[in-house]
Every structure is written in structure tokens, then in C-alpha cells.
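**Q** Given chain A, work out where chain B should sit, using these hints.
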Amino acid sequence: MLMSVTAAHVWLIPALPLLAAGIGALTPRVGRRLAAGAAIVALAVSFLLSCGALVTALADPAAHLVHNFAWFDLGDSAVRLGWLLDPLTAFMCVMVTFVGLLIFIFSTGYMHEDANFTRFFCFLSLFAAAMLGLIVANSLLLLFICWELVGLASYLLIGFWFHKPEAAAAGKKAFITTRIGDLGLLLGMVWLYDATGSLLFYDGGNGVLETNALGALTAQFTIGGLAVSTAIGLLIFCGAVGKSGQFPLHVWLPDAMEGPTPVSALIHAATMVAAGVFLVARVYPLMTADLPLTGVPLHALTVVAAIGAITALLGAVIAVGQSDIKRILAFSTVSQLGYMMLALGVGSWVAAIFHLLTHAFFKALLFLGAGSVIHAAHHEQDIRRLGGLRRPLRVTFATFAIGMMALAGVPFLFSGFWSKEAILHAAHGWTVSPLPLYVALAGVVLTAFYMTRLVAETFFGTPRSETAEHAHESPATMTVPLVVLAIFAILLGFLGTPAWPWLQARLEGRTEIHGHSLADGAGLMGLSIVLVALGIGAGWALYGRRPRARAAATDPIEGRAPKLFHALRQRLGFDELYAATVGRISDGLAALADWLDRSVWDGTIRFLARLGVFAGVVNREADEDVINGGFDAGSEGLRRGANAYSHAQTGDAHGYLRVVAIGFVMLVLVVMLGGGR
Amino acid sequence: MTKFPLLSLLVFTPCIGAAVLAITRRASASVARVLTLLFSLSTLGLGLVAAASFDPTRTGMQWIEQHTWIEALNVHYRLGLDGLSLVLVLLTGVVSPTALLASWRIKSSARAFGALFLLLQSAAIGVFLALDFFHWFVFWELSLIPAFFLIKLWGGPAATRAAYQFVIYTIGGSAFMLLGFAAIFAATGTLDFIRLAQEAADGALAESLARAGGWWPTAVFLGVLLGLAVKVPLFPFHTWLPSTYAEAPTGVSMFLTGVMSKMGVYGFLRILWPLFPAQLHAVSGVLLWLALGGVVLGAFAAMRQTDLKRMIAYSSINHLSYCLLALFAVSAATGGPKPAAHAAAAALSGTILQMFNHGISAAALFACVGMIESRCDGRRGLHDFGGLRTVAPVFAGLTGIAMFSSLGLPGLNGFVGEFLIFRGVFGLAPWAAAIATLGLLATAVFLLTFWQRVFHGPARGATTAGFAALSGVEYATLVPLVALMFILGIWPQLLARLINPLITTWAGHLNLP
Numbered sequence: 019m020l021m022s023v024t025a026a027h028v029w030l031i032p033a034l035p036l037l038a039a040g041i042g043a044l045t046p047r048v049g050r051r052l053a054a055g056a057a058i059v060a061l062a063v064s065f066l067l068s069c070g071a072l073v074t075a076l077a078d079p080a081a082h083l084v085h086n087f088a089w090f091d092l093g094d095s096a097v098r099l100g101w102l103l104d105p106l107t108a109f110m111c112v113m114v115t116f117v118g119l120l121i122f123i124f125s126t127g128y129m130h131e132d133a134n135f136t137r138f139f140c141f142l143s144l145f146a147a148a149m150l151g152l153i154v155a156n157s158l159l160l161l162f163i164c165w166e167l168v169g170l171a172s173y174l175l176i177g178f179w180f181h182k183p184e185a186a187a188a189g190k191k192a193f194i195t196t197r198i199g200d201l202g203l204l205l206g207m208v209w210l211y212d213a214t215g216s217l218l219f220y221d222g223g224n225g226v227l228e229t230n231a232l233g234a235l236t237a238q239f240t241i242g243g244l245a246v247s248t249a250i251g252l253l254i255f256c257g258a259v260g261k262s263g264q265f266p267l268h269v270w271l272p273d274a275m276e277g278p279t280p281v282s283a284l285i286h287a288a289t290m291v292a293a294g295v296f297l298v299a300r301v302y303p304l305m306t307a308d309l310p311l312t313g314v315p316l317h318a319l320t321v322v323a324a325i326g327a328i329t330a331l332l333g334a335v336i337a338v339g340q341s342d343i344k345r346i347l348a349f350s351t352v353s354q355l356g357y358m359m360l361a362l363g364v365g366s367w368v369a370a371i372f373h374l375l376t377h378a379f380f381k382a383l384l385f386l387g388a389g390s391v392i393h394a395a396h397h398e399q400d401i402r403r404l405g406g407l408r409r410p411l412r413v414t415f416a417t418f419a420i421g422m423m424a425l426a427g428v429p430f431l432f433s434g435f436w437s438k439e440a441i442l443h444a445a446h447g448w449t450v451s452p453l454p455l456y457v458a459l460a461g462v463v464l465t466a467f468y469m470t471r472l473v474a475e476t477f478f479g480t481p482r483s484e485t486a487e488h489a490h491e492s493p494a495t496m497t498v499p500l501v502v503l504a505i506f507a508i509l510l511g512f513l514g515t516p517a518w519p520w521l522q523a524r525l526e527g528r529t530e531i532h533g534h535s536l537a538d539g540a541g542l543m544g545l546s547i548v549l550v551a552l553g554i555g556a557g558w559a560l561y562g563r564r565p566r567a568r569a570a571a572t573d574p575i576e577g578r579a580p581k582l583f584h585a586l587r588q589r590l591g592f593d594e595l596y597a598a599t600v601g602r603i604s605d606g607l608a609a610l611a612d613w614l615d616r617s618v619w620d621g622t623i624r625f626l627a628r629l630g631v632f633a634g635v636v637n638r639e640a641d642e643d644v645i646n647g648g649f650d651a652g653s654e655g656l657r658r659g660a661n662a663y664s665h666a667q668t669g670d671a672h673g674y675l676r677v678v679a680i681g682f683v684m685l686v687l688v689v690m691l692g693g694g695r
Numbered sequence: 031m032t033k034f035p036l037l038s039l040l041v042f043t044p045c046i047g048a049a050v051l052a053i054t055r056r057a058s059a060s061v062a063r064v065l066t067l068l069f070s071l072s073t074l075g076l077g078l079v080a081a082a083s084f085d086p087t088r089t090g091m092q093w094i095e096q097h098t099w100i101e102a103l104n105v106h107y108r109l110g111l112d113g114l115s116l117v118l119v120l121l122t123g124v125v126s127p128t129a130l131l132a133s134w135r136i137k138s139s140a141r142a143f144g145a146l147f148l149l150l151q152s153a154a155i156g157v158f159l160a161l162d163f164f165h166w167f168v169f170w171e172l173s174l175i176p177a178f179f180l181i182k183l184w185g186g187p188a189a190t191r192a193a194y195q196f197v198i199y200t201i202g203g204s205a206f207m208l209l210g211f212a213a214i215f216a217a218t219g220t221l222d223f224i225r226l227a228q229e230a231a232d233g234a235l236a237e238s239l240a241r242a243g244g245w246w247p248t249a250v251f252l253g254v255l256l257g258l259a260v261k262v263p264l265f266p267f268h269t270w271l272p273s274t275y276a277e278a279p280t281g282v283s284m285f286l287t288g289v290m291s292k293m294g295v296y297g298f299l300r301i302l303w304p305l306f307p308a309q310l311h312a313v314s315g316v317l318l319w320l321a322l323g324g325v326v327l328g329a330f331a332a333m334r335q336t337d338l339k340r341m342i343a344y345s346s347i348n349h350l351s352y353c354l355l356a357l358f359a360v361s362a363a364t365g366g367p368k369p370a371a372h373a374a375a376a377a378l379s380g381t382i383l384q385m386f387n388h389g390i391s392a393a394a395l396f397a398c399v400g401m402i403e404s405r406c407d408g409r410r411g412l413h414d415f416g417g418l419r420t421v422a423p424v425f426a427g428l429t430g431i432a433m434f435s436s437l438g439l440p441g442l443n444g445f446v447g448e449f450l451i452f453r454g455v456f457g458l459a460p461w462a463a464a465i466a467t468l469g470l471l472a473t474a475v476f477l478l479t480f481w482q483r484v485f486h487g488p489a490r491g492a493t494t495a496g497f498a499a500l501s502g503v504e505y506a507t508l509v510p511l512v513a514l515m516f517i518l519g520i521w522p523q524l525l526a527r528l529i530n531p532l533i534t535t536w537a538g539h540l541n542l543p
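Here the protein sequences line up with chains A and B, keeping their order. Start counting the first sequence at 19; every next residue gets the next number (the numbering used here). Start counting the second sequence at 31; every next residue gets the next number (the numbering used here).
A couple of the hints might just be wrong.
The following label-pair restraints were derived from C-beta to C-beta distances [to be verified]:
| # | chain 1 | residue 1 | chain 2 | residue 2 | range |
| --- | --- | --- | --- | --- | --- |
| 1 | B | G502 | A | P46 | 11 to 21 Å |
| 2 | B | H539 | A | A33 | 37 to 47 Å |
| 3 | A | A77 | B | F516 | 43 to 53 Å |
For the record, the hints were derived by calculation from the structure and aren't laboratory data. Quantities reported herein were computed from a predicted structural model and do not represent experimental measurements. Heads up, the beta-carbon is just placed ideally off N, CA and C, and yes, glycines get one too.
In isolation and in its complexed conformation, chain A is listed as follows (with noise of 0.2 Å):
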């Protein structure tokens, strides 16, 4: 028995946990069982609240029920905001909440020994009433102030530890880069706003994802040619990149590992990051706008597929270089998330959201297991020093493997291969292109590789190190949260095959489901199978048979290619080459802004006060008199000016005036040789 939960309603979904916030805001540092008690309970509450509303969304899939309201008045109309529930709002409520859940429990455990416990709570409680705020709003602007808030709930968390340099400089870090991709978002909203007059998504045919606002945008051209709707999708999808870690703001993303990993789990790799793949796939009616145009220079979504491509490619190269065990898992997701934005640019939000949900599974399963490897090794995370761990961390280790055999694509079972094998297809169906379908499969050898190399080096081998030698299971707060997870790794992928695709109709707003049978496109699944056995063959046979004897060795890939091996190791020089160039520009015009502070503006101040001052000088060694006779004529032209009042209109201001003006550099001179020296 579920409540019926309708839009005026799905404010509570994110209310109950910004109550829990706030709570945890106001909680001494003893209540610890307060603070965590309350962000628990609301966040269950909002997962219940989130199932009602996702049976009253499947009700009518086709729908987008909305609850609006006048934010504040702006001059003859309002600013206005407002609730919406469809199956995108509720299937991603759904999933946040539970997710959500499953990591706070998991926290109890992990954060059980830090001093900060309770506002660790009130953190992850406000970025859960951010992030879900950011899923039902309804306004463009409402999604924008939640976007900025998951981000301050991120800068929050990742320097968490604040009192670690690197962690504080990666919340900086992280909050900086994906405020460049913010400010694009900005500007898009604003475009949009001054177009179409409104920032409600739906609102009764005048919202500006309904036909009338699109049918404007895509009448209009702006530089370039650009149809206006291109424009404003691509500043908007700057926002994503930047949030979603893609290429080439994804820097951000692996330092942002200094964060707790249930952080980790939760923001930067279930949720938050994959926000900007929800935000595409929200405004999807006008990114996909100006598709019938033709004679267009470029459509908005082509870039998405080639931002997407791109970083689905890079962020798994890297990836095959990283020793440090989030590290690893964090290009991963920054993989995994280009691999979802290639899926919204070739045209299936769909398979994008699919992947999205069984990501945000497995992932946060991988994170999670990550996390009670580190827990249970004291903290040790990197992969070298690691070893051996899957027989004292059973549970750990064969959870672990579901997930990574669920991010792998290992065919069949696991849900990961589903909603991968939704975006090959949509890929494989482009016209535009081929490219993003190859730099997918090769992205699926990859994939494939170093989750092996990842398992390999951590759970099998001998122990490398005494922490790795004595670890031992984590306790059932943190098992438990695993178990349920990797139960959905496997199930979720069963709501999207081909032959049932259930997850795919109700988000498109259909009722009835057409599968097709498997044998359908059967040659690219086959070829993605043989690409993961590839992969997990490549990754066995350099890590798993001859598994790593000591920390200090090195690395198999290291042997053959070191060069190749050390740019990996440095993430291909991103950072550095962003403090070269970005760096290095934003410096130069602090300096000089500084410089023409110092120097031209003040410089002439002090010029011309320097030359009042000589001529004050001059005129005192010259005669007394001048300033003296000065005065004089200044008192005579106030007289004079007193008459030219009285006889109003009589055209003598001009002696008048000189006469002012001269009394007034007179007195300025005075006040500036009596005082200023």
C-alpha cells in the first residue's frame, strides 16, 4: 500500500532531508545517534514517498504532472518555480533515496571513529535534499540553485578532512572547475530566459520544453549561424561537462577522492556527477530542437556525442595507469559517464538513463567495497601494497566482484551488460557518424582490462603489505549495505533488455513495451562479448597469473612501455597543462589588474596631486596674495552670483562658474598643503 503521491506533493521528497540537515546542523558533537538517526529516517520517508510517486508517474508515463508557483514578483509578471513528476523525476528519486540509503547506513560504520561524525550527516543530508530538489524541479532556475547547492554539498565533503592540505585544495578544486562549466549553464538559462520569458520546464503549453517556446528558438540564428536552441543547449550542456567530470573539465574528478569514500560512492560516482547526464536528458526537447533544421552549421547534440566519445575513451586509458584503488574507480566513472553522454548525444536519453540507474548500482557497489578494503586495511588504497584480500574479506571480495563484472559487461547476468549494450546499439544506429560506436567497443576492451587489473593486484596474490596482511572483515553496517547492492547490480538489468524493454517504454511515456528477439543486432552483442573477454583475458594474463610479488615491482605495462606507463601515471598531463596555460592567464591578469592599480590609476591620482601641490608651492613663494586674491574673487562672484540668482535666468553663470571652479582647486590646494603634509 503506497500513499498517492502527486506533484503539489514531491516537495516533501527533498524537504525531509534538508530537515535532517538542519537538525544535524544544530546537533552538538555528542549527539551522534541524533544526527545520523535523523538523516536515515528522512531519507527512508523520501524513499517511500519516492515509490508513491513513482506509481502515480507509471499511472500515465506519457504525463509530466507539475505543482507551480511565484517565487517572487518581477515587474509586471512573477519569477516562477515549480514541482514536476514524470518517470524520469521518479525512477531517479527512486534511486537516489535508495542508493542514498544503503551509503548512510554504510557511513555509520565507516565514519564510526571520526570527531565530526554528526556534521559529516548534516552534509551528506543536505546534499541529498539538494540532489533531489535538483531531480523534481520543474524550473530551470529551481534545478540551477539545487545544482549549485550538490556542488557546495560536494566542496563540503571532499574536504571533509580539512585539516589534510590535499583535501582542502581539492574541494577548492572541484568547486572552481565545475563552476566554469557553471557559468556557461548560467548563461544559458539567462539566454533562455530572455527568449522565451519563462524557465518552466512544462507549464501547460507555455513551458520552454513545449512546442511554442521550441518552435521560437529554432526560428531564431544567432553567431555562427547557430540556431538559437543550439546555442542555448550547448551552454547548458557546459554545465554538464562540468558537473559530469567530461572532457576537458574532468580534472577535478580523481582529486575529488580525497573526500570519505561513502562520498566517493555517493556523490562522485551515484549521483551529483551523473547530474549533468539528468540535466541533458531533461531539457532533451531542446537539445534535440534543432535536429530538423538542415543547413545548420552544427547541432547541439553532435557535440554532446563527441564530448562523450572522448572522455568515455580517456578516462579509461587513464584509468590503466593508476595504482590507487579510488583513483582507478574514479576515471571509471569518468568513463562510464561519457559513455552515457554518448548515448544522449546519438539519440537515446533512454539507454543514457538506463546505464545512469544500473551505474549508480554498481558503482556505488565498487565504492563501497573499495571503502571496506580501506577500512579494513587502514587505510591503505593503493592496489601495490594491497593483496590477498579475498579471503579475509569474503564478503567484500565477492561483492566486489559482482560489481565489477557488472561494470565490466560480463554478458547476460550482470546489468551493466544491458545498458551497455543500449548505448552500442544507439551508437551503431548514428548516421552522423561511426566514430562514437568504435571508440565505444574499444572503451568495452578497456573497461574490461583494468577492472581485472583492479581485482587482480587487490584480492588475489600474496599480501604486500602488514596493513593487507591483518585486515579483516568490516562489520554488518558496512556488509550488509554490499549484499543488497550487488543483488540489484544483477536484477536492475533485467527492466531493460531488448526483448523486455520495461524501463525504456515508461520513460519514454509509453505504455505498451515492444521487445525485439535477442538475434536482433546479435553481431554487436557478439562483438562486445568477444571485446570484454578480451579484456578480462588481457587483464588476467598480466596481473592474475603472475600476480605482483612484491609492492616495489614494477608493473607489467611499466616493463613493456614505460613512457607510455609514466603519461598514464600522470593523467596525460591535464593539470599540468591547465596551470600552464589557465593558471598562468588567470595569474597574469591578477597581476595586472594589481599593477594597474598601483600604478595608472593610482599613479595618476598621485600625479595630479603632486601637481596641486607645485603649484600650491610656486604660488606661496610667488606671493601669498594669489591665493588670497583667489579668495577674494571667490567671495565677489558669490556675491555675483547671489544677484545673477536674484535676476534669475540672467546668462552669467559662465563667470560664475569659472569663479566656482577656481575657488574649489583653491580650497582642495589648501586643505591638501595644511593637512597632507
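**A** Frame of chain A; chain B shown alone:
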């Protein structure tokens, strides 16, 4: 009820307070402090009365008081209140008492400090309520005298130089404005803002001025512009600001940035724009670039500052330049072919909200730096600290909220104004909005650097000596400001309802004479 001189009370109650302090020579420092605070709170109290009785649907002046003052010169004592004045009176009402609380521990002669501060407050209210240039200018200049002494006598080591620079620079600008108004008076025989605005709207003002010579309207306009540009300040007339704000005592810095900087923007909105719409339109292209200079270079210059007060001072230049950017964009679009009333309404609303919001957040940031300074032997360098959040988590939290409000985080007050300004400017001059985003980025960079260096990392520098918990007075300084950041961030309608009808009227009359 209309006979009740509410506005005169608003203006002169702090003045009376100053007089009371001046004559109660034997009052102890603590009595003097309490008296000052009470008189200072009068602005907030009376301002709330005015807000409660304010009819936002009427766009003209309310609570008008008018008395003949100098008949021979046609000078009248005229006070009036509209949405713009009301918002600024409320801002003064909020910032002044908190600035006094931040000055609670000043070392010498609390009585003199209080009297001067109240005079300053009185002058500011006078500027926001006067409708006749004559006494508007008296208040305008009067504000400099107490400010000068407050900076010079209670300021930092280089305060004397800063105070002189501040006063002479500002007077230098004002002199040209006075000359301009002398010419206006000679040409029209009135100094009434409302009447002059009407004459300007139908083109009569420029005509009367032009009778003396074709270039007179432009010359007078430039004189008034210069006076206001120095006061705001408009880039590149801003070089007095960082040293003044840095050398002034904390409470005075709060008042200078919270209230006095708004006098300049108010002058732009009340005087320059209504009286010289055509002239402003003619140079608005150049002015837009200057405002952009303030937005971008102000923020980038802040990145180079190692003195925290100078850094916040530069961020003030950046924030106030957004207000001017919006106004100039509106002016540039005035009389254009494209009806841009919606964008103009957004830009102007944003300007007024930004004035209020910047007043709150900049004052709070100065208060925070002051609290650091008072605990660490006057040290306030960016590199003097580290790990302050470990020893003072609550203080760190409050400072963090003020900082995020200043960098325009949604959910806090600063965002609403900035969003409206960007929305408006984009509709009127899209390229300017695009360039201005650089300022948003740089602001995030330097504020987060401030936060990271001072509050994060391991405890080092001045932090290792410990950091006393906030006192009750310090909580009373920060908590109201922080509470307002949340309230106005979530519920901007509180202010928007006061100004919106006025804004709608302004935006509806974007024609040139």
C-alpha cells in the same frame, strides 16, 4: 497621520543621539555604548514602521515632508520615501547597529566614537530621503566629516594618509557635482529632484541648460557623473577604496561598504539617470566597459591581495560594479528599437537587491576579518593563518556562510540579485553579461583561497596560539546578518514587493526625450 514627521525623525534621531552623547560628558564608556546602540537602532525601528505603513502599489513618494527653507534661493526642505529609499533605509538600519556591535571593544573614547558614528548614520539617512539637491548635498558632504575622523582617529597604522586620500578624492569629485548643480539651478531655478526629473523627461532640462551653450548639458552631466563615480566607486576612480576600507576600524569599514558605497549607486539611480537620460545613454557604451573593468579587474585584483581587508574591499568594487553594469545596460538600451522592458525590470530589480545584499554580506565579511584581527594581534594576512576551522568551528561556519553569500551561492541572498542582473544585462547587452561571468569565477577563486588558507590545513601561524570563542556581542553582530542571508535568499519577495511597482514603472518608461 500624514502630518507625523516620520522621515525627519528617521534622519535626525541619530543626530539627537550624537548631541546627547556630546553633552553627557560624565557618561561611562559602557553607558555611551548602550546609548549609541539605542539611538542607532532607531533607524531600524522607524524604518520598519515606514515599511509597515508603506504602500508598495503607489509608485510616487510617500510620507512627503515639505517646508520652505531659503525662500530667496527657492530652496526647500523636502523629504520623501519610495521603494528605493526604503530598502536603503532598512539596510542602514541593519548595518549600523551591527557595525556598532563590531566596534564594541574599541580602545579609546567610546563616547566620541559613538557621536561621530551617529552623525555619519544620520547623514546617510539624509541622503537616502532628501528630495532637494541643496540639503541632499549637505548630507552628502556632511557624511565625510565624521567618516574622516572615525578613520583617522580609530584606524590602523596608515589611517591618516588613507583618511586624507578618501576625503580629498571624494570632495574633489563632489566639487564638480556641486558646480553642475549650480549650473542647473541657474538655468532652471529649482533643485527639486522630482521636478527636475519631470523636466528632464520632457526634454526641458537639457533645453534650459543648452541656452548657455550647446555643450553645457554634457558638461554638467559629466560633473555630476564624476562626483558619483568617485563615491561608488566606478572603475578607475576606485583607488581610494582599498586603503580606506583596510585602514578604517572594523565597524567603520562595515558602514563604509554596507551603507556609504550605496550612496553613490543611489545617486546614479535618483539623480543621474532620471536627470540626464540622453547624456547617460550617449556615453553608456564607455561606461559599460568601465563597469566591466570593475567587475573583472576588481575581482582579479582581489586575487593578488594578501591583506584580507583589502581583499574584501576589492570584492566590494566587484560587487558594486554589477549594480552599475546593470544600470548602464538599461541606459544603453533606452530608446532602442527593441522593447526590453522585461530585461530592464530584471536588471533594475537586481541592482537594488544587489545593493542590499552586498551591504549585508560585505559587512559580515568585514566583521569576520575584524574578529580574526582582534584575536591575533592585528594580524590579518592571507598567509598568517591555517587550520582556524579546527580551533573555531562555529566562527568558521558563520564566516563560510558570509563568504558563500558573497560569491552568490543560490539559497543565500547574494544569488538573487546577481541572477537578476545577469538575466537583465544579457537581454540588453549579451556580450557584457558574458564577459562579466569572469568576475563571478574570479570571486569564487579568491574567496575560496581565503577560506582554504585561513581555515583549512593544519593549524599554523597565528592560529596555533588558540582562538577565543565568540562572545555574546560578537554573536549579536554576526547572527542577524547571517539570518538575513538565509531569509532573503529563500524569500526574496520580502524586498521585491517593496520595489517591484517602482521598477515596473521605470522599466515601462525607457524612452528618450
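**Q** For every hint, state whether the structure bears it out.
**A** Against the structure, the hints:
1. B:G502 <-> A:P46: 11 to 21 Å: 18 Å, holds
2. B:H539 <-> A:A33: 37 to 47 Å: Holds: the Cβ-Cβ distance is about 42 Å, inside 37 to 47 Å.
3. A:A77 <-> B:F516: 43 to 53 Å: 38 Å, violated
Hint check: a violation occurs at hint 3 only; the rest are consistent with the structure.
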